[in-house]
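Visitor: Next come the chains, spelled out residue by residue.
Number of protein chains: 6
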Amino acid sequence: MHFNPSIVIKISGKFFDEDGSRNISSLRDVVKNLSSSFRVAIVSGGGSNARKYISMGRDLNLSESYLDLLGIWASRLNANLIAFALGDIAYPVVPDSLEDFIEKWSSGKVVVTGGFQPGQSTAAVAALVAEATNSSTLIVATNVDGVYDKDPKVYKDAVMLKELTINKLKEILENSQSVKAGTYELLDPMAMKIIQRSRIKVIVMNYRYISSLSDLIKDNKNIGSTVIPE
Amino acid sequence: MHFNPSIVIKISGKFFDEDGSRNISSLRDVVKNLSSSFRVAIVSGGGSNARKYISMGRDLNLSESYLDLLGIWASRLNANLIAFALGDIAYPVVPDSLEDFIEKWSSGKVVVTGGFQPGQSTAAVAALVAEATNSSTLIVATNVDGVYDKDPKVYKDAVMLKELTINKLKEILENSQSVKAGTYELLDPMAMKIIQRSRIKVIVMNYRYISSLSDLIKDNKNIGSTVIPE
Amino acid sequence: MHFNPSIVIKISGKFFDEDGSRNISSLRDVVKNLSSSFRVAIVSGGGSNARKYISMGRDLNLSESYLDLLGIWASRLNANLIAFALGDIAYPVVPDSLEDFIEKWSSGKVVVTGGFQPGQSTAAVAALVAEATNSSTLIVATNVDGVYDKDPKVYKDAVMLKELTINKLKEILENSQSVKAGTYELLDPMAMKIIQRSRIKVIVMNYRYISSLSDLIKDNKNIGSTVIPE
Amino acid sequence: MHFNPSIVIKISGKFFDEDGSRNISSLRDVVKNLSSSFRVAIVSGGGSNARKYISMGRDLNLSESYLDLLGIWASRLNANLIAFALGDIAYPVVPDSLEDFIEKWSSGKVVVTGGFQPGQSTAAVAALVAEATNSSTLIVATNVDGVYDKDPKVYKDAVMLKELTINKLKEILENSQSVKAGTYELLDPMAMKIIQRSRIKVIVMNYRYISSLSDLIKDNKNIGSTVIPE
Amino acid sequence: MHFNPSIVIKISGKFFDEDGSRNISSLRDVVKNLSSSFRVAIVSGGGSNARKYISMGRDLNLSESYLDLLGIWASRLNANLIAFALGDIAYPVVPDSLEDFIEKWSSGKVVVTGGFQPGQSTAAVAALVAEATNSSTLIVATNVDGVYDKDPKVYKDAVMLKELTINKLKEILENSQSVKAGTYELLDPMAMKIIQRSRIKVIVMNYRYISSLSDLIKDNKNIGSTVIPE
Amino acid sequence: MHFNPSIVIKISGKFFDEDGSRNISSLRDVVKNLSSSFRVAIVSGGGSNARKYISMGRDLNLSESYLDLLGIWASRLNANLIAFALGDIAYPVVPDSLEDFIEKWSSGKVVVTGGFQPGQSTAAVAALVAEATNSSTLIVATNVDGVYDKDPKVYKDAVMLKELTINKLKEILENSQSVKAGTYELLDPMAMKIIQRSRIKVIVMNYRYISSLSDLIKDNKNIGSTVIPE
Ligand SMILES: Nc1ncnc2c1ncn2[C@@H]1O[C@H](COP(=O)(O)OP(=O)(O)OP(=O)(O)O)[C@@H](O)[C@H]1O
Ligand SMILES: Nc1ncnc2c1ncn2[C@@H]1O[C@H](COP(=O)(O)OP(=O)(O)OP(=O)(O)O)[C@@H](O)[C@H]1O
Ligand SMILES: Nc1ncnc2c1ncn2[C@@H]1O[C@H](COP(=O)(O)OP(=O)(O)OP(=O)(O)O)[C@@H](O)[C@H]1O
Ligand SMILES: Nc1ncnc2c1ncn2[C@@H]1O[C@H](COP(=O)(O)OP(=O)(O)OP(=O)(O)O)[C@@H](O)[C@H]1O
Ligand SMILES: Nc1ncnc2c1ncn2[C@@H]1O[C@H](COP(=O)(O)OP(=O)(O)OP(=O)(O)O)[C@@H](O)[C@H]1O
Ligand SMILES: [Co+2]
Ligand SMILES: [Co+2]
Ligand SMILES: [Co+2]
Ligand SMILES: [Co+2]
Ligand SMILES: [Co+2]
Ligand SMILES: [Co+2]
Ligand SMILES: [Mg+2]
Ligand SMILES: [Mg+2]
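Protein chains in written order, with the working numbering: chain A, 1 to 230; chain B, 1 to 230; chain C, 1 to 230; chain D, 1 to 230; chain E, 1 to 230; chain F, 1 to 230.
FYI, nobody ran anything at the bench for these hints, they're computed from the structure. Predicted, not measured: the structure shown is a model, and the values here were computed from it. Where hints are given, some of them may not hold.
In silico DSSO-like cross-links for lysine-lysine, where the CA-CA straight-line distance does not exceed 27 Å [claimed, not checked]:
hint, chain 1, residue 1, chain 2, residue 2
1, B, Lys170, C, Lys170
2, E, Lys52, F, Lys170
3, F, Lys170, D, Lys170
Construct the entire structure; sequences and hints are all you get.
Guide: Shown next, in the form of structure tokens:
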């Protein structure tokens with residue numbers, strides 16, 4: 001028996017907010033293309049829908065756990081849409097924990113997940129999934145072109161880094177981390193811890209270039225930022 | 001052992017689209033009040049969120065089953081929000097079929113559901129739930145004041161009916177029924193069939209008056225339209 | 001990856017009542033034969049066993065929901081027998097809802113189901129399954145030779161129709177439909193709605209000719225009645 | 001917190017074969033009466049329905065495991081009927097293993113089960129359930145009046161024993177045991193082992209006297225045979 | 001309806017390694033006593049058994065995810081033992097995720113859990129559980145008398161602190177944290193993040209004094225170290 | 001479709017107690033080798049860990065059912081370790097009943113189980129699994145070289161039997177059987193009953209020679225004792 005190498009793609013929840021169906025259509029093409037030579041896992045964020053429900057929940061005085069759960073359920077709705085769009089090559093049910101993911105992953109299909117647990121971002125989910133699938137690379141497709149030396153949405157003069165170490169990334173993100181439900185930035189501490197302990201390479205890229213993903217993976221095309229495990 | 005009578009409240013998905021948290025807050029007050037003398041089941045529609053995901057799915061050429069499933073998942077997100085808002089008096093997990101509902105209902109808690117199955121509206125879910133809980137009354141809280149002799153959103157001169165038979169209702173709605181995912185009006189044929197065979201009284205009311213619900217139920221306050229089983 | 005086209009076979013519950021094992025043995029041969037070029041889903045009715053338990057339940061004053069559930073559990077017993085008889089080519093557990101079916105269907109095996117939900121017949125289940133599997137044809141194997149212009153068990157002079165539109169079928173069946181548990185005739189309104197919205201061709205045939213099924217499907221052999229989606 | 005003592009009632013599958021609804025109606029009255037002072041678990045056999053499906057399965061060359069599973073599914077259909085008949089005092093879902101039983105039992109409701117596993121009778125299930133619920137007594141309601149010195153269906157001169165030890169019972173049953181699916185007599189070795197190791201008193205009685213069960217339990221009324229743990 | 005306040009007790013896995021049954025017997029007495037005025041959740045660590053299986057897994061070259069899962073399964077074995085020992089007041093099944101915990105918690109019983117997910121300690125589980133149950137206090141029962149200014153197992157001159165802020169604790173533990181499976185110390189970053197965002201008071205105490213726990217909680221008896229949310 | 005023949009390997013719980021990782025490493029090599037020509041199921045015992053938890057449970061006055069459940073959970077921990085060690089060729093979740101096993105087995109992967117139910121040994125589980133998979137042979141790998149004419153751990157002069165009938169084995173083991181949790185010897189009555197009714201050949205061997213297993217199976221190498229079905 002021969003098994004293809006695995007790869008994990010983390011899709012920003014913002015992906016669904018505007019031009020959602022066109023974005024997903026591009027993702028579908030890329031994943032179909034990749035799935036002949038890779039086993040693919042996809043993790044979807046919650047986006048504006050997550051934020052909307054978390055905000056209603058906050059008005060209703062729910063505690064942080066339940067706010068995070070609303071964000072998780074919103075991300076699962078996105079994950080369902082991707083899974084249904086992929087059709088027969090994808091597992092048609094979204095797992096709700098890492099153990100559940102592992103069981104569904106054993107089917108040999110593409111598995112699409114949303115959030116798993118309060119207290120962690122979907123980036124942490126992606127890192128856990130990358131570790132459990134022995135993936136050497138985790139793609140983070142988000143709404144900026146890569147990792148900058150400071151938050152590019154705040155600082156006009158932020159400079160993008162083609163390559164950086166995980167420790168450098170930790171240092172950069174340290175200040176921007178918030179612990180409130182729905183507000184984790186890029187990668188939260190859990191994500192970073194997993195990436196580090198299992199030495200997973202992270203590529204941060206803009207989801208606008210999602211259709212170049214198979215070039216990036218197969219031909220090492222120069223897109224986004226690469227975070228080196230050490 | 002003594003068991004309180006049961007009542008089912010079907011909440012329009014539009015309830016969440018505008019002033020969502022204020023609407024839910026009113027619902028929470030009413031349900032807490034009711035739950036001392038009634039066992040309460042709540043069924044939530046999908047609203048604009050359902051329509052948004054169904055529309056993306058349609059762009060992606062999904063079949064009707066999967067479009068309905070997207071609407072169902074959107075309604076479950078709404079149902080989760082209500083369940084979490086109700087706190088300890090509600091069962092904290094949303095059932096995904098009538099059998100699952102029956103099991104969770106046996107806990108004695110308020111149970112909140114979204115959709116169950118492609119091919120039927122959440123109004124059909126509400127009718128099934130009313131039948132399985134032996135409820136004599138089903139409240140349908142929607143965005144019009146009651147049942148009109150024709151669609152009030154289309155015809156300015158539509159006249160609201162304080163009381164009508166189920167057969168009259170069938171006749172009125174017959175023309176407006178569509179079979180496409182996410183487009184069922186008020187009550188679909190499945191809902192009507194269940195209501196009829198188990199002789200369940202339906203009250204259609206505007207969700208703007210949701211805070212008067214306990215008056216309506218306990219004191220027979222004159223709100224909305226009453227559909228008589230026969 | 002290449003996927004075979006899908007086909008759905010709805011087996012009457014009466015199939016098990018007399019010569020059950022011989023009938024199933026024929027079905028097994030046909031399905032084994034078909035399964036090299038088709039993905040096959042099978043939906044089993046409840047038969048006399050369903051009627052027996054529903055009748056006991058009615059004596060005990062159960063509500064319609066629970067009577068339907070007894071019929072559903074009886075149909076699942078039949079479904080189990082078929083699944084076990086098919087051995088390794090079939091999924092060994094009977095799904096209990098469409099979502100559950102979809103998950104088990106992703107295994108690539110033949111999936112056998114009984115009923116899903118109160119308020120609908122196993123013919124509705126078959127239609128839902130045909131839609132979710134993108135099947136273009138649904139075979140209904142029952143105890144009459146096809147669709148007649150009126151009920152052939154009641155009217156001696158009923159004439160069988162080799163081909164008819166779904167609207168013609170609706171018109172014919174309209175009067176014979178009952179809403180009581182266990183009494184749906186041939187195709188209920190839910191089945192018809194699904195067949196219509198997804199334009200699924202239905203072939204109604206006598207299960208006595210089940211061993212000719214692969215001829216029918218592969219060589220278009222002239223058996224039973226064909227219901228044209230429009 | 002105070003917990004009522006537990007009692008387990010094992011109902012023969014033959015109970016459903018003739019006068020089924022009248023028998024269940026009597027059982028319902030007795031259990032409602034008992035449930036104010038006892039926690040009640042009910043285990044149902046498979047009866048003629050089990051034998052019918054096992055016989056079809058045998059014609060189809062299924063192995064013993066799958067034949068037993070058919071009998072188990074038939075007994076679950078019976079268990080569902082009892083559970084639905086009991087209404088709100090019963091847990092509405094039939095457990096499928098002892099672990100599942102233990103979870104549902106923690107609800108505080110009457111729990112009704114059928115078979116659990118191939119290779120053992122529903123009497124073994126009843127013994128396992130009695131042990132897990134710390135019941136001191138297991139009632140076996142069957143179609144003979146009690147334990148006889150030899151099989152009363154075979155030997156006209158069999159003598160009923162008002163009281164006997166478990167070892168005496170073992171000796172009597174030893175010869176009549178068969179290992180084929182669906183043919184276990186009264187109590188199989190697994191049942192006997194559990195009863196012995198946990199010193200559970202067994203009362204074997206005719207289900208025709210089921211309406212006297214609460215007299216038997218509460219007032220020690222003299223019915224059937226009592227098997228003393230040692 | 002009135003609900004008692006909730007409290008969470010995190011039990012070190014070392015609790016089971018020596019005098020296990022005596023320790024659990026004390027815990028049982030305390031929890032029975034507490035459960036009249038508190039709702040109690042218990043989280044159990046993995047102890048030497050976790051370390052043994054993780055070490056075997058490491059010899060076999062398993063990745064960190066699977067090593068953590070072995071530790072989780074070891075902690076669930078401990079959790080089962082506690083749950084069984086508590087009998088009817090406890091939920092008899094150990095949940096495997098926070099969502100599962102929330103469902104079981106709604107039963108009103110004591111719920112006992114082990115680990116939930118790779119990448120986090122059972123102390124993080126305890127913090128998540130405290131947040132989801134709106135507990136204002138989390139008890140951490142471990143093998144040292146409280147929080148010291150440095151690791152008391154390493155430094156003879158470590159000084160115990162009766163009271164400290166969460167930020168002070170973070171500072172103290174920062175250096176001792178490891179990311180390898182099975183090696184988290186006292187509280188890991190996830191635990192600290194949850195405690196902080198939901199302002200949960202943590203009391204670290206020696207499990208040798210577990211029988212004084214109800215005095216501690218009810219009468220504010222002076223045991224261990226108190227970590228103030230801010 | 002062609003299916004490989006199935007084989008079941010029962011691994012003593014003692015396998016994990018000493019040199020655990022080396023033993024598992026050998027087992028992994030053998031199973032990888034076998035899995036090209038056989039479908040393999042593995043059943044793992046509980047070993048010293050089971051005995052430790054059962055002994056704590058007994059100190060705490062748990063009933064036999066719960067003691068057996070502790071042993072079952074200990075055996076599942078062992079089963080998890082084997083499943084994780086096998087990686088992609090194994091199903092990553094341990095089933096908890098025969099029905100659950102059958103579902104997971106349909107995946108086509110190696111399935112690893114621990115115990116299923118109180119009242120029976122893991123050898124009974126292995127026999128049930130062998131029957132459900134239509135295996136003609138069951139390998140029992142334990143800590144003695146085969147079946148002796150009396151217990152070799154007690155009697156120095158015990159003589160090993162290269163071949164014996166199942167009835168001879170019954171006779172030998174009859175006296176050594178105990179009904180207490182965790183104390184079943186070699187094969188319990190349930191195991192023997194299943195083996196007999198489905199005519200399964202049993203080979204008892206020392207797990208020290210586990211690396212010769214594929215020689216034994218493929219080349220009929222002369223190891224251990226063979227128990228002939230009749
Ligand atoms: N140094 C940095 N480099 C790049 N982006 C940064 C940096 N610091 C902060 N960010 C912010 O991180 C954001 C991306 O992370 P964010 O978590 O908001 O989105 P996401 O995870 O892709 O989507 P979602 O959480 O909705 O699924 C960017 O929009 C950017 O503003
Ligand atoms: N005769 C009628 N009387 C009242 N409303 C009618 C009638 N005919 C059509 N309608 C339409 O039914 C609508 C309410 O049903 P609809 O299914 O759209 O909402 P809902 O079920 O409350 O919400 P959702 O489906 O989003 O959960 C009204 O807005 C109205 O336009
Ligand atoms: N126009 C018609 N043409 C053919 N059959 C009809 C027609 N009208 C009514 N029927 C009845 O439909 C019956 C078949 O449907 P029915 O639902 O009873 O069986 P089934 O679905 O095959 O089995 P089951 O419901 O037991 O699974 C026929 O026996 C016939 O009497
Ligand atoms: N500053 C400190 N104060 C107290 N304990 C400390 C400190 N720093 C490190 N420790 C260590 O933390 C240990 C307790 O945490 P640890 O995670 O080992 O045990 P646990 O969580 O109780 O058990 P388990 O992880 O096995 O369930 C102590 O034995 C002590 O050596
Ligand atoms: N006649 C016999 N021949 C062989 N072994 C016997 C015989 N009688 C008793 N035994 C005992 O059976 C033991 C093996 O069975 P046992 O159930 O203890 O281990 P296991 O099933 O391999 O492991 P575990 O139950 O821990 O999973 C041997 O160690 C031996 O002492
Ligand atoms: Co994010
Ligand atoms: Co609607
Ligand atoms: Co029918
Ligand atoms: Co029997
Ligand atoms: Co720890
Ligand atoms: Co053993
Ligand atoms: Mg589920
Ligand atoms: Mg289960």
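Visitor: For a C-alpha distance cap of 27 Å, please report whether lysine 170 of chain B and lysine 170 of chain C respect it.
Guide: 17 Å, holds
Visitor: CA of lysine 52 of chain E to CA of lysine 170 of chain F, is that 27 Å or under?
Guide: 37 Å, violated
Visitor: Sort out whether lysine 170 of chain D lies within 27 Å of lysine 170 of chain F, counting only the CA atoms.
Guide: With a Cα-Cα distance of about 17 Å, the restraint between lysine 170 of chain F and lysine 170 of chain D holds, given a limit of 27 Å.
In this structure, only the earlier hint numbered 2 is contradicted, and the remaining ones agree with it.
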